[in-house]
Amino acid sequence: MYSIVPKGGLTFYSFAHLESSNLVTHGFTTRAGGVSTGFYRSLNTSFHVGDDHSHVRANRDLACRSLGINPRHLVAGRQSHGDGIKLVEECDLGRGALTYDDALPDTDALITGLRGVPLSSYYADCVPVFLLDPARQVVALAHAGWQGTVLKIGLKVVRKMTEFFGTEPRDCLAGIGPSIGPCCYEVDEPVVSRFQDVFHGGGNLAEAVAPGKWKLNLWEANRRALLEAGLKPVNILTARLCTSCHSDLFFSYRAEKGRTGRMASLLMLK
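Just so we're aligned, residue 194 is where the sequence shown starts under the numbering used here, counting upward by one.
In case anyone wonders, no lab produced these hints; they're calculated from the structure. Note that the structure is a prediction, hence the values are computed from the model and not measured. Every residue, glycine too, gets a C-beta built ideally from N, C-alpha and C. Just to be clear, a hint being listed does not mean it is correct.
[Unchecked claim] Label pairs and their computed distance ranges (CB to CB):
no., residue 1, residue 2, range
1, Ser386, His274, 16 to 22 Å
2, Cys438, Arg265, 20 to 26 Å
3, Cys438, Lys200, 21 to 27 Å
4, Asn263, Asp390, 21 to 27 Å
5, Gln389, Val427, 41 to 47 Å
6, Asp254, Gly231, 28 to 34 Å
7, Lys463, Pro404, 48 to 54 Å
[To be verified] List time: in silico DSS-like cross-link candidates among lysine-lysine, alpha-carbon distance up to 27 Å:
no., residue 1, residue 2
8, Lys349, Lys463
9, Lys353, Lys406
10, Lys279, Lys349
11, Lys463, Lys425
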């Protein structure tokens with residue numbers, strides 16, 4: 194389902210079907226190999242969590258250069274746990290690369306058909322969704338927390354790819370990256386009720402574990418949204434790596450009670 198790729202002294206998680214397309218450079222970082230200290234040790238890539246910004250820039254530089262990406266060209270959104278989608282154009286190159294203030298506002302998903310424009314988003318339990326339309330050579334990244342998931346951000350991104358570029362969903366390849374798993378993601382009744390409403394009863398998405406408490410499967414919910422968009426099941430790969438279970442490898446907001454860094458997902462058309 195996924196590959197562990199050592200590059201430039203760092204470790205990245207990647208998807209075999211995206212890699213074998215030879216159309217993209219992509220990867221999902223771990224928490225290891227950077228310069229940050231304390232709660233953010235060591236490869237924190239996010240400006241908005243309280244880390245020293247010079248450390249964040251150094252960590253982004255390490256990650257990007259390991260993949261052959263220019264760190265000053267990164268495009269990032271100010272993620273708001275919603276379903277804001279931005280079509281990235283040439284004028285957006287570098288937005289959010291060096292400072293959070295310059296990132297694209299209220300943006301949880303990025304789409305582009307431009308070569309050499311690296312999309313990025315940032316995680317500590319939320320679900321990273323990588324998308325590639327190899328036929329029209331379009332890529333997208335979606336940041337799906339529970340709010341974005343229940344809003345079916347993945348489905349909406351695919352529809353925007355169709356609107357902007359004529360994407361046929363059946364052509365798309367998708368990867369659901371490391372994120373909090375159904376083993377660890379405990380939620381309460383209001384959250385489960387929203388998923389039951391949106392996902393037509395939510396069968397197999399939530400398991401009751403205590404009065405008023407459920408374990409929620411964000412991986413499966415995002416997969417279902419992509420299937421609803423028209424992707425073929427065989428083209429959707431899920432890493433099935435829980436960031437909370439593996440907080441030695443990944444930053445986890447839940448496991449570390451909110452004081453932690455962020456991993457980066459990086460995706461660029463060659």
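Hint-by-hint comparison with the structure:
Hint check: Ser386 to His274, Cβ distance near 18 Å, so the stated range 16 to 22 Å holds. Distance hint for Cys438 and Arg265: a CB-CB separation of about 35 Å, inconsistent with the stated range 20 to 26 Å. The given range of 21 to 27 Å is respected by Cys438 and Lys200, whose C-beta atoms sit roughly 24 Å from each other. Look at Asn263 against Asp390: about 44 Å separates their beta carbons, and that is not inside 21 to 27 Å.
Taking the beta carbon of each, Gln389 and Val427 are about 28 Å apart, not inside 41 to 47 Å as hinted. A hinted range of 28 to 34 Å is violated for the C-beta pair Asp254 and Gly231, which are about 20 Å apart. Checked against the hint of 48 to 54 Å, the C-beta distance between Lys463 and Pro404 comes to roughly 52 Å, which is consistent with it. This hinted pair checks out: Lys349 and Lys463 have alpha carbons roughly 25 Å apart, not beyond 27 Å.
At most 27 Å may separate the alpha-carbon atoms for a hinted pair to count; Lys353 and Lys406 exceed this at roughly 35 Å. The suggested pairing of Lys279 with Lys349 holds, with an alpha-carbon distance near 11 Å, which does not exceed 27 Å. Proximity of Lys463 to Lys425 is assessed by CA-CA distance (about 24 Å); at most 27 Å being required, the pair is judged to hold.
Consistency note: the structure conflicts with the earlier hints numbered 2, 4, 5, 6 and 9.
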